[in-house]
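Peer 1: For the protein sequence lines, the chains are A and B, in the order given.
So the first sequence is numbered by the numbering used here: it starts at 228 and just counts up by one.
So the second sequence is numbered by the numbering used here: it starts at 120 and just counts up by one.
Treat the hints with care, since some could be wrong.
[Said to hold, decoys possible] Derived contacts from chain A toward chain B, CB cut-off under 8 angstroms, selection only:
#1 Asp507
#2 Thr509
#3 Val539
#4 Phe541
#5 Pro544
#6 Asn599
#7 Ala602
#8 Cys630
Bear in mind the hints are in silico, worked out from the structure with no lab data behind them.
What you are looking at is a predicted structure, and each value in this text was computed from that prediction instead of being measured.
Glycine included, every Cβ here is placed at the ideal spot set by N, Cα and C.
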Amino acid sequence: MKTLRKIWAWIDDRSGLTELLGPLIRHPVPPGSKWSYVFGSATLFCLILQVITGVALSLLYQPSSSAAYQSLQFITHGAKFGNLLRGIHYFGASGMIVMVGIHMIRVYITAAYKYPREMGWISGVLLLFMTIAMGFTGQLLRWDSNGVWSSVVAAEQVGRIPVIGKLAARLLLGGNTIGGHTLSRFYAYHVFIIPALLFVFVGFHLMLVIRNGISEPAKAGRPVDPKSYRQWYKEMLQKVGVPFWPYAAWRDILFGAGTIIAIISLALIYGPPELSQPPDPTFIHTVPKPDWYMLSIFSLFALMPPKIESVVIFLGPVLTVLILLSLPFLSNRGERSPLRRPWAVFGSICVIVFVFSLFLLGMQSPWSPDFNAKALTQREIHSGDTLVIRGAALLYQKGCLYCHRVEDQGGLKGPDLTTIDLRLSEEQMTLRIINGGSNMPAYGGLLKKDELSAIVAFLKSRK
Amino acid sequence: MMENERDEKRKEPDENRRKFLVRLTLSLTAVSAAVAGIPVLAALFAPLLRKTPRLWRKVADLEGFAVGAVKLVTFENADPEAWAGETARTAAWLRRETKDKFIAFSANCTHLGCPVRWEADAQLFMCPCHGGVYYKDGTVASGPPPLPLVKYPVRINKKQVEIQTAPVPITTLG
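If we strip away everything but chain A, and leave its shape as in the complex, we get (with noise of 0.2 angstroms):
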């Protein structure tokens, strides 16, 4: 024992880490600052994770278009432990994003991001896209179908880009087709250049906190100042500062540890997603769909009147990045206590329901026609009349029920039919087949005078 201590006496010496490190890790924080501060701190610890697995994980992950998928499978079902890593990696991800979503939510309720500490929601903002943007490169390496034909999405969004569109989408999948260099670019993508671009910026905010100092909890009537505040924060610091280790350091370190044992309790009781088919473009039965973090977007877009749909592809993420970039610009002084900006608190809520909403229809999916929907038998028929019969067999082999739902069959793109008879006449009904709609095929050239007759019968039987 006294060995190593002499040892670590002569490394210190020598290196100065004591000297370099006990002041940071000492440095004095505001009294109070409780478990709202713990979750930056816990989105750090989930990089760590994620660079730890990550790295684990590109010990046996194949980078190649040609042997990615079956190295995955390798990892998923054959190597020791890789379903863990591979769980703990996803669940990684999704901890880091939540994690980071409600550290920014705090940091703007509580408006620490007024002077002196600007530069550090600015970096923050950057943080949060870089995060985003490594959960969906990292799903596009899990390359199967879905990674395959969710690159092509992304290209399509990237398309959108005025002018340079087409040359980004290029650049995007590394050609202009699906083929080896696609992978290889995700793949440095997302273990090369936004891991370098995070690390720098992580380094910053971490840099800033200790520059400007963790904002102190807000408190009605206590607005900032930036010609006094500084002055005030030094200050109050020396009168009642406690050290960040041990009496502030705790609470981030159970917390960060907790996070971890729930992300790996996740990996343990669910496991990684499991692949689907293998990264065969011209396997076209499949349905891309993002991961969780992405699924609000992807109901955005879907939900989107077409007419603006583009315009918006492009504008709506540039606009976001200003808006939220802009915002200690806009208001840098004054009240920070949440008491005192109920509007900042209300549309937080607002944000918060939106997405959350958008979530759930994501995962529902409406605006998708059901391609397993199943055909009619006589339990939804409720009818002997042979026309009504073979209408209900017709209002599944054109393809309707994809799209419409006849009690508990179909899909929920169209109007439900169940009671359609109740709502439009005979000659309404015929009217919008043949002529279709915004949302419907015109089916006037696809049917005969008898299919169609047929599928008014079954519908005029739907009360």
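The hints should help you fit chain B onto chain A, whose structure is shown.
Peer 2: Below, chain B without anything else, positioned relative to chain A:
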């Protein structure tokens, strides 16, 4: 006084020398960064610098392909990389219009690129993502697609139907 002047004169060449060395250092750093940067940028922008040929690929036999039928055909992309594996292939929907005329549609929905599928009974192409629907001629029947399905050049060559390879269609703004 005389000594001060002499000191000043002695400092001048030193100052010039230092300025020169600073400029030299910065210039060399900039030059080396620029030279090292060229191959890095070349790798980054490689997809835009590479020219992909457009080749004709046999996708179907004339015989046995009924008029009005629509089939999913697959072909190898132009100039695929050796490590591309199964990702080197592309799918297209091929429709025989008349005895001598075929139309080949890209399998990508023009909305967000999802794979459209052919519903033979309904005579419609349908997209599973956001419900875009196209008629058999590729025109938009309903839903969010802003454009008809993109067509590949097709030709008949020695009793074989051939498709010309093309980039993944990307819908642009405007």
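Peer 1: Checking against the hints above, which ones are violated?
Peer 2: 3, 5, 6 and 7
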